[in-house]
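Use the sequences and the hints to build the structure in full.
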Amino acid sequence: MNLSPTDLSPDEQRLQAEVRTFLDDRLPSGSYRLNLGIGGCDPEFSRDLARRGWVGMAISPEYGGHGRSAVDRLVVVEQLLARGAPVGYHWIADRQSGPIIERYGSEAQKRELLPGIARGELSFSIGMSEPDAGSDLASLRSHARRDGDRWLLNGTKIWTTGAAEATHILGLFRTSEDRYGGLTQFVIPCDTPGVTISPIVFIDGSSDFCEVSFDDAGLGDEHRLGEVGDGWAQNTGELVLERGGVDRWMSMFPFIEHWANEISPHDHSAQADLGTITARMWALRGLSLSIARLVDDGRSPVTEAAMVKELATRWEADCVRFAARHLGREADLTSPDPWESTLARAMLVSPSWTIRGGTNEILRNVVAKGLART
1 MNLSPTDLSP DEQRLQAEVR TFLDDRLPSG SYRLNLGIGG CDPEFSRDLA RRGWVGMAIS
61 PEYGGHGRSA VDRLVVVEQL LARGAPVGYH WIADRQSGPI IERYGSEAQK RELLPGIARG
121 ELSFSIGMSE PDAGSDLASL RSHARRDGDR WLLNGTKIWT TGAAEATHIL GLFRTSEDRY
181 GGLTQFVIPC DTPGVTISPI VFIDGSSDFC EVSFDDAGLG DEHRLGEVGD GWAQNTGELV
241 LERGGVDRWM SMFPFIEHWA NEISPHDHSA QADLGTITAR MWALRGLSLS IARLVDDGRS
301 PVTEAAMVKE LATRWEADCV RFAARHLGRE ADLTSPDPWE STLARAMLVS PSWTIRGGTN
361 EILRNVVAKG LART
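The sequence shown begins at 1 in full-length UniProt numbering and counts up by one.
Since the hints were derived computationally from the structure, they do not count as laboratory data.
One or more of the hints may lead you astray.
Said to hold, decoys possible - Now the in silico label distances, taken between C-beta atoms and shown as ranges:
hint	residue 1	residue 2	range
1	314	260	16 to 24 Å
2	280	218	47 to 55 Å
3	278	147	31 to 39 Å
4	26	325	29 to 37 Å
Backbone N, C-alpha and C fix where the C-beta goes; we use that ideal spot for every residue, glycine too.
The following block contains the structure:
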(Lines of atoms letter the chains of each structure in order from A and count residues from 1; the text may use other names and numbers.)
(Lines give C-alpha, C1' and ligand atoms only; values in the text may rest on other atoms or scores of the structure.)
Protein backbone atom coordinates (compact mmCIF):
# COMPACT_ATOMS: atom_id res chain seq x y z
CA MET A 1 0.00 0.00 0.00
CA ASN A 2 1.43 3.35 -1.04
CA LEU A 3 -0.34 6.52 0.06
CA SER A 4 2.34 9.18 0.00
CA PRO A 5 1.50 12.58 1.53
CA THR A 6 0.71 15.20 -1.08
CA ASP A 7 -0.79 18.66 -1.36
CA LEU A 8 -2.30 20.88 -4.03
CA SER A 9 -0.06 22.55 -6.58
CA PRO A 10 -0.39 26.31 -7.27
CA ASP A 11 -2.49 25.56 -10.38
CA GLU A 12 -4.76 23.28 -8.37
CA GLN A 13 -5.14 25.96 -5.70
CA ARG A 14 -6.16 28.48 -8.38
CA LEU A 15 -8.80 26.04 -9.63
CA GLN A 16 -10.06 25.67 -6.07
CA ALA A 17 -10.41 29.44 -5.72
CA GLU A 18 -12.23 29.66 -9.06
CA VAL A 19 -14.81 27.08 -7.98
CA ARG A 20 -15.33 28.83 -4.64
CA THR A 21 -15.99 32.14 -6.38
CA PHE A 22 -18.51 30.50 -8.70
CA LEU A 23 -20.35 28.90 -5.78
CA ASP A 24 -20.44 32.17 -3.84
CA ASP A 25 -22.39 33.67 -6.75
CA ARG A 26 -24.43 30.64 -7.80
CA LEU A 27 -25.73 28.99 -4.63
CA PRO A 28 -27.91 30.73 -2.06
CA SER A 29 -27.04 30.28 1.59
CA GLY A 30 -29.11 27.81 3.55
CA SER A 31 -29.91 25.65 0.51
CA TYR A 32 -28.30 22.50 1.92
CA ARG A 33 -30.43 19.52 2.93
CA LEU A 34 -28.85 16.31 4.17
CA ASN A 35 -29.63 13.57 1.69
CA LEU A 36 -29.43 9.81 1.86
CA GLY A 37 -28.48 9.16 -1.75
CA ILE A 38 -27.08 11.38 -4.49
CA GLY A 39 -28.20 14.72 -3.10
CA GLY A 40 -30.05 17.42 -4.98
CA CYS A 41 -30.67 16.71 -8.65
CA ASP A 42 -30.69 19.79 -10.90
CA PRO A 43 -30.01 19.09 -14.60
CA GLU A 44 -29.57 22.78 -15.41
CA PHE A 45 -27.00 23.21 -12.64
CA SER A 46 -25.14 20.18 -14.03
CA ARG A 47 -25.16 21.68 -17.52
CA ASP A 48 -23.92 24.99 -16.11
CA LEU A 49 -20.97 23.20 -14.50
CA ALA A 50 -20.33 21.39 -17.78
CA ARG A 51 -20.17 24.67 -19.69
CA ARG A 52 -17.41 25.72 -17.30
CA GLY A 53 -15.52 22.50 -17.96
CA TRP A 54 -16.23 20.98 -14.54
CA VAL A 55 -18.11 17.88 -15.71
CA GLY A 56 -16.31 15.21 -17.69
CA MET A 57 -13.02 16.68 -16.58
CA ALA A 58 -11.15 13.38 -16.88
CA ILE A 59 -12.67 12.45 -20.26
CA SER A 60 -10.32 12.89 -23.22
CA PRO A 61 -10.84 16.00 -25.38
CA GLU A 62 -11.44 13.86 -28.48
CA TYR A 63 -14.64 12.64 -26.81
CA GLY A 64 -15.82 16.04 -25.63
CA GLY A 65 -14.05 16.05 -22.27
CA HIS A 66 -11.23 18.16 -20.94
CA GLY A 67 -8.36 15.74 -20.30
CA ARG A 68 -7.87 17.00 -16.75
CA SER A 69 -6.37 15.02 -13.90
CA ALA A 70 -8.14 13.05 -11.18
CA VAL A 71 -6.78 15.60 -8.71
CA ASP A 72 -8.36 18.48 -10.65
CA ARG A 73 -11.68 16.66 -10.50
CA LEU A 74 -11.24 16.10 -6.75
CA VAL A 75 -10.65 19.82 -6.25
CA VAL A 76 -13.91 20.69 -8.03
CA VAL A 77 -16.02 17.97 -6.41
CA GLU A 78 -14.71 18.79 -2.95
CA GLN A 79 -15.91 22.37 -3.23
CA LEU A 80 -19.29 21.39 -4.69
CA LEU A 81 -20.02 18.91 -1.93
CA ALA A 82 -18.79 21.27 0.78
CA ARG A 83 -21.50 23.71 -0.32
CA GLY A 84 -24.21 21.06 -0.65
CA ALA A 85 -24.47 21.73 -4.39
CA PRO A 86 -27.15 19.78 -6.34
CA VAL A 87 -24.77 17.49 -8.22
CA GLY A 88 -26.98 14.40 -8.33
CA TYR A 89 -27.86 14.50 -12.02
CA HIS A 90 -24.31 14.17 -13.33
CA TRP A 91 -22.55 12.71 -10.28
CA ILE A 92 -22.37 8.99 -11.13
CA ALA A 93 -21.76 9.55 -14.85
CA ASP A 94 -18.94 11.97 -14.12
CA ARG A 95 -17.38 9.95 -11.30
CA GLN A 96 -17.35 6.44 -12.71
CA SER A 97 -19.50 5.69 -15.76
CA GLY A 98 -17.64 8.06 -18.08
CA PRO A 99 -14.16 6.82 -17.16
CA ILE A 100 -15.26 3.17 -17.39
CA ILE A 101 -16.85 3.71 -20.81
CA GLU A 102 -13.72 5.45 -22.06
CA ARG A 103 -11.56 2.60 -20.79
CA TYR A 104 -13.63 -0.39 -21.92
CA GLY A 105 -16.16 0.89 -24.43
CA SER A 106 -16.13 0.53 -28.19
CA GLU A 107 -15.23 3.52 -30.33
CA ALA A 108 -18.90 3.92 -31.22
CA GLN A 109 -19.92 3.90 -27.54
CA LYS A 110 -17.32 6.49 -26.68
CA ARG A 111 -18.44 8.84 -29.44
CA GLU A 112 -22.11 8.35 -28.65
CA LEU A 113 -22.04 8.64 -24.85
CA LEU A 114 -18.99 10.53 -23.61
CA PRO A 115 -19.79 13.93 -25.20
CA GLY A 116 -23.25 13.84 -23.60
CA ILE A 117 -21.73 13.05 -20.21
CA ALA A 118 -19.23 15.91 -20.58
CA ARG A 119 -22.08 18.31 -21.48
CA GLY A 120 -24.01 17.29 -18.36
CA GLU A 121 -26.85 15.95 -20.51
CA LEU A 122 -26.63 12.21 -19.76
CA SER A 123 -27.24 10.82 -16.29
CA PHE A 124 -26.16 7.32 -15.25
CA SER A 125 -27.22 4.88 -12.56
CA ILE A 126 -25.38 1.71 -11.55
CA GLY A 127 -27.20 -1.64 -11.66
CA MET A 128 -25.23 -3.90 -9.35
CA SER A 129 -27.05 -5.03 -6.19
CA GLU A 130 -29.99 -7.42 -6.31
CA PRO A 131 -32.52 -8.63 -3.72
CA ASP A 132 -30.35 -11.70 -3.04
CA ALA A 133 -26.95 -10.37 -4.10
CA GLY A 134 -25.49 -7.34 -2.40
CA SER A 135 -22.28 -7.90 -0.47
CA ASP A 136 -21.79 -11.18 -2.34
CA LEU A 137 -22.17 -9.49 -5.70
CA ALA A 138 -20.76 -12.43 -7.67
CA SER A 139 -23.87 -14.43 -6.74
CA LEU A 140 -26.13 -12.14 -8.78
CA ARG A 141 -28.86 -13.83 -10.82
CA SER A 142 -30.02 -11.19 -13.29
CA HIS A 143 -29.02 -12.61 -16.63
CA ALA A 144 -28.49 -11.66 -20.25
CA ARG A 145 -29.20 -14.27 -22.92
CA ARG A 146 -28.20 -14.04 -26.57
CA ASP A 147 -31.08 -14.03 -29.02
CA GLY A 148 -29.58 -13.82 -32.49
CA ASP A 149 -27.72 -10.53 -32.69
CA ARG A 150 -29.45 -9.19 -29.57
CA TRP A 151 -29.38 -9.73 -25.81
CA LEU A 152 -32.47 -10.30 -23.66
CA LEU A 153 -32.07 -9.02 -20.10
CA ASN A 154 -34.10 -10.43 -17.22
CA GLY A 155 -33.99 -10.00 -13.46
CA THR A 156 -34.18 -7.33 -10.78
CA LYS A 157 -31.72 -4.76 -9.49
CA ILE A 158 -32.32 -2.97 -6.20
CA TRP A 159 -30.92 0.06 -4.32
CA THR A 160 -30.19 1.49 -7.76
CA THR A 161 -29.26 5.07 -6.92
CA GLY A 162 -30.76 7.80 -9.08
CA ALA A 163 -32.40 5.47 -11.60
CA ALA A 164 -35.61 7.51 -11.65
CA GLU A 165 -33.67 10.53 -12.93
CA ALA A 166 -31.13 8.71 -15.09
CA THR A 167 -31.00 8.39 -18.85
CA HIS A 168 -28.90 5.18 -18.69
CA ILE A 169 -28.09 2.30 -16.37
CA LEU A 170 -24.70 0.61 -16.41
CA GLY A 171 -25.75 -2.89 -15.39
CA LEU A 172 -23.89 -6.07 -14.46
CA PHE A 173 -25.54 -9.28 -15.72
CA ARG A 174 -24.77 -12.97 -15.73
CA THR A 175 -23.95 -14.34 -19.18
CA SER A 176 -22.66 -17.77 -18.07
CA GLU A 177 -22.48 -19.90 -14.93
CA ASP A 178 -18.83 -19.07 -14.17
CA ARG A 179 -18.96 -17.21 -10.83
CA TYR A 180 -16.60 -14.40 -11.80
CA GLY A 181 -15.93 -15.01 -15.47
CA GLY A 182 -19.63 -15.21 -16.31
CA LEU A 183 -20.48 -11.55 -15.71
CA THR A 184 -20.83 -8.87 -18.39
CA GLN A 185 -21.68 -5.17 -18.29
CA PHE A 186 -24.28 -3.46 -20.48
CA VAL A 187 -25.12 0.19 -21.11
CA ILE A 188 -28.93 0.26 -20.91
CA PRO A 189 -31.06 3.25 -21.98
CA CYS A 190 -33.69 3.70 -19.28
CA ASP A 191 -36.46 3.96 -21.88
CA THR A 192 -35.73 0.47 -23.22
CA PRO A 193 -38.98 -1.56 -23.47
CA GLY A 194 -39.04 -4.13 -20.67
CA VAL A 195 -37.24 -1.87 -18.16
CA THR A 196 -39.41 -0.79 -15.21
CA ILE A 197 -38.06 1.67 -12.63
CA SER A 198 -39.82 1.89 -9.25
CA PRO A 199 -38.61 4.44 -6.65
CA ILE A 200 -38.23 3.18 -3.07
CA VAL A 201 -39.45 5.62 -0.42
CA PHE A 202 -37.24 5.56 2.67
CA ILE A 203 -38.00 6.30 6.31
CA ASP A 204 -36.90 9.91 5.89
CA GLY A 205 -39.18 10.45 2.88
CA SER A 206 -36.39 10.39 0.27
CA SER A 207 -36.60 8.22 -2.82
CA ASP A 208 -33.16 8.33 -4.41
CA PHE A 209 -33.00 4.54 -4.51
CA CYS A 210 -35.01 2.43 -6.94
CA GLU A 211 -35.89 -1.11 -7.83
CA VAL A 212 -35.32 -1.81 -11.53
CA SER A 213 -36.95 -4.80 -13.22
CA PHE A 214 -35.90 -6.27 -16.56
CA ASP A 215 -38.48 -8.34 -18.43
CA ASP A 216 -37.01 -9.51 -21.74
CA ALA A 217 -35.46 -6.07 -22.20
CA GLY A 218 -33.85 -6.33 -25.63
CA LEU A 219 -30.53 -4.70 -26.50
CA GLY A 220 -28.30 -4.90 -29.53
CA ASP A 221 -24.77 -6.15 -28.99
CA GLU A 222 -23.56 -2.57 -29.40
CA HIS A 223 -24.83 -1.97 -25.85
CA ARG A 224 -22.43 -4.51 -24.35
CA LEU A 225 -19.56 -2.80 -22.52
CA GLY A 226 -16.26 -4.62 -22.90
CA GLU A 227 -15.83 -8.29 -23.65
CA VAL A 228 -18.29 -10.98 -22.62
CA GLY A 229 -17.19 -12.28 -19.22
CA ASP A 230 -15.04 -9.26 -18.30
CA GLY A 231 -17.70 -7.60 -16.17
CA TRP A 232 -16.24 -8.56 -12.80
CA ALA A 233 -12.83 -7.06 -13.53
CA GLN A 234 -14.41 -3.93 -15.01
CA ASN A 235 -16.72 -3.59 -12.02
CA THR A 236 -13.82 -3.86 -9.58
CA GLY A 237 -12.05 -0.98 -11.30
CA GLU A 238 -15.26 1.03 -11.28
CA LEU A 239 -15.61 0.65 -7.50
CA VAL A 240 -12.19 2.23 -7.00
CA LEU A 241 -13.60 5.42 -8.50
CA GLU A 242 -16.63 5.23 -6.20
CA ARG A 243 -14.90 4.41 -2.94
CA GLY A 244 -11.65 6.32 -2.84
CA GLY A 245 -12.59 9.90 -3.65
CA VAL A 246 -14.08 12.72 -1.62
CA ASP A 247 -17.43 11.96 -3.30
CA ARG A 248 -18.09 9.27 -0.72
CA TRP A 249 -17.76 11.37 2.44
CA MET A 250 -17.40 15.10 1.69
CA SER A 251 -21.18 15.54 1.57
CA MET A 252 -21.04 15.57 5.40
CA PHE A 253 -19.13 18.86 5.44
CA PRO A 254 -22.23 21.11 5.51
CA PHE A 255 -23.56 19.00 8.40
CA ILE A 256 -20.34 19.56 10.37
CA GLU A 257 -20.39 23.26 9.53
CA HIS A 258 -23.99 23.50 10.76
CA TRP A 259 -23.08 21.68 13.97
CA ALA A 260 -20.08 23.95 14.57
CA ASN A 261 -22.33 27.02 14.37
CA GLU A 262 -24.59 25.52 17.05
CA ILE A 263 -21.88 24.82 19.62
CA SER A 264 -21.64 27.21 22.54
CA PRO A 265 -18.18 28.70 23.15
CA HIS A 266 -18.54 27.40 26.72
CA ASP A 267 -19.29 23.79 25.72
CA HIS A 268 -15.79 22.38 25.89
CA SER A 269 -16.93 18.76 25.53
CA ALA A 270 -18.69 19.49 22.23
CA GLN A 271 -15.71 21.51 21.04
CA ALA A 272 -13.42 18.56 21.76
CA ASP A 273 -15.66 16.20 19.78
CA LEU A 274 -15.82 18.67 16.90
CA GLY A 275 -12.03 18.91 16.94
CA THR A 276 -11.74 15.13 16.72
CA ILE A 277 -14.18 14.97 13.82
CA THR A 278 -12.38 17.78 11.98
CA ALA A 279 -8.96 16.17 12.41
CA ARG A 280 -10.24 12.86 11.07
CA MET A 281 -11.86 14.66 8.13
CA TRP A 282 -8.56 16.30 7.24
CA ALA A 283 -6.86 12.91 7.35
CA LEU A 284 -9.52 11.46 5.02
CA ARG A 285 -8.98 14.33 2.62
CA GLY A 286 -5.26 13.60 2.54
CA LEU A 287 -5.91 9.93 1.82
CA SER A 288 -8.37 10.73 -0.98
CA LEU A 289 -5.91 13.18 -2.51
CA SER A 290 -3.17 10.54 -2.42
CA ILE A 291 -5.46 8.05 -4.16
CA ALA A 292 -6.21 10.61 -6.87
CA ARG A 293 -2.45 10.99 -7.44
CA LEU A 294 -2.19 7.20 -7.81
CA VAL A 295 -5.00 7.20 -10.39
CA ASP A 296 -3.21 9.96 -12.30
CA ASP A 297 -0.10 7.75 -12.28
CA GLY A 298 -2.08 5.03 -14.04
CA ARG A 299 -2.54 2.78 -11.02
CA SER A 300 -5.72 1.07 -9.76
CA PRO A 301 -5.61 1.45 -5.97
CA VAL A 302 -8.31 -1.10 -5.07
CA THR A 303 -6.99 -1.78 -1.56
CA GLU A 304 -6.36 1.87 -0.74
CA ALA A 305 -9.83 2.92 -1.93
CA ALA A 306 -11.52 0.23 0.16
CA MET A 307 -9.60 1.38 3.22
CA VAL A 308 -10.60 5.01 2.74
CA LYS A 309 -14.25 4.10 2.26
CA GLU A 310 -14.26 2.00 5.46
CA LEU A 311 -12.61 4.76 7.48
CA ALA A 312 -14.94 7.35 5.99
CA THR A 313 -18.07 5.33 6.75
CA ARG A 314 -17.17 5.08 10.44
CA TRP A 315 -16.31 8.77 10.47
CA GLU A 316 -19.71 9.67 8.98
CA ALA A 317 -21.49 7.68 11.68
CA ASP A 318 -19.41 9.35 14.39
CA CYS A 319 -20.29 12.80 13.03
CA VAL A 320 -23.94 12.05 13.72
CA ARG A 321 -23.34 10.24 17.00
CA PHE A 322 -21.14 12.98 18.45
CA ALA A 323 -23.54 15.75 17.42
CA ALA A 324 -26.56 13.88 18.81
CA ARG A 325 -25.12 13.41 22.27
CA HIS A 326 -24.68 17.15 22.68
CA LEU A 327 -28.22 18.14 21.67
CA GLY A 328 -29.52 17.40 25.16
CA ARG A 329 -32.74 15.76 23.98
CA GLU A 330 -34.01 13.36 21.36
CA ALA A 331 -33.89 15.05 17.97
CA ASP A 332 -37.32 15.67 16.40
CA LEU A 333 -37.68 15.41 12.62
CA THR A 334 -40.64 17.84 12.72
CA SER A 335 -38.85 20.45 14.82
CA PRO A 336 -38.96 24.03 13.45
CA ASP A 337 -35.30 24.31 14.45
CA PRO A 338 -33.33 23.61 11.24
CA TRP A 339 -30.42 22.06 13.12
CA GLU A 340 -32.57 19.69 15.16
CA SER A 341 -34.53 18.48 12.13
CA THR A 342 -31.29 18.02 10.16
CA LEU A 343 -29.80 16.00 13.01
CA ALA A 344 -32.94 13.86 13.30
CA ARG A 345 -32.80 13.15 9.58
CA ALA A 346 -29.13 12.20 9.83
CA MET A 347 -29.91 9.79 12.66
CA LEU A 348 -32.52 8.08 10.48
CA VAL A 349 -30.34 7.66 7.40
CA SER A 350 -26.85 7.16 8.84
CA PRO A 351 -27.15 3.37 9.38
CA SER A 352 -27.42 2.95 5.60
CA TRP A 353 -24.04 4.60 5.07
CA THR A 354 -22.27 1.42 6.20
CA ILE A 355 -23.87 -0.40 3.24
CA ARG A 356 -23.65 1.87 0.19
CA GLY A 357 -20.60 1.31 -1.96
CA GLY A 358 -19.78 -1.90 -0.06
CA THR A 359 -20.36 -2.89 3.56
CA ASN A 360 -17.62 -2.28 6.10
CA GLU A 361 -17.17 -6.04 6.50
CA ILE A 362 -16.61 -6.56 2.77
CA LEU A 363 -14.26 -3.58 2.61
CA ARG A 364 -12.16 -4.99 5.45
CA ASN A 365 -11.88 -8.24 3.54
CA VAL A 366 -10.73 -6.33 0.45
CA VAL A 367 -8.07 -4.53 2.49
CA ALA A 368 -6.89 -7.72 4.21
CA LYS A 369 -6.57 -9.63 0.94
CA GLY A 370 -4.84 -6.70 -0.73
CA LEU A 371 -2.29 -6.39 2.06
CA ALA A 372 -1.67 -10.14 2.00
CA ARG A 373 -0.68 -9.88 -1.67
CA THR A 374 1.85 -7.10 -1.08
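#### Entry: Verdict for residue 278, residue 147 (Cβ pair) under range 31 to 39 Å
This hint is violated: roughly 56 Å between Cβ atoms.
* Between residue 280 and residue 218, does the C-beta distance stay in 47 to 55 Å? -> 49 Å, holds
Quick check on a hinted range of 16 to 24 Å for residue 314 and residue 260, using CB atoms only. About 20 Å separates the Cβ atoms of residue 314 and residue 260, which means 16 to 24 Å holds.
* So the hint says 29 to 37 Å: do the beta-carbon atoms of residue 26 and residue 325 match that? -> 36 Å, holds
When the structure is compared with the earlier hints, a violation turns up for hint 3 alone.
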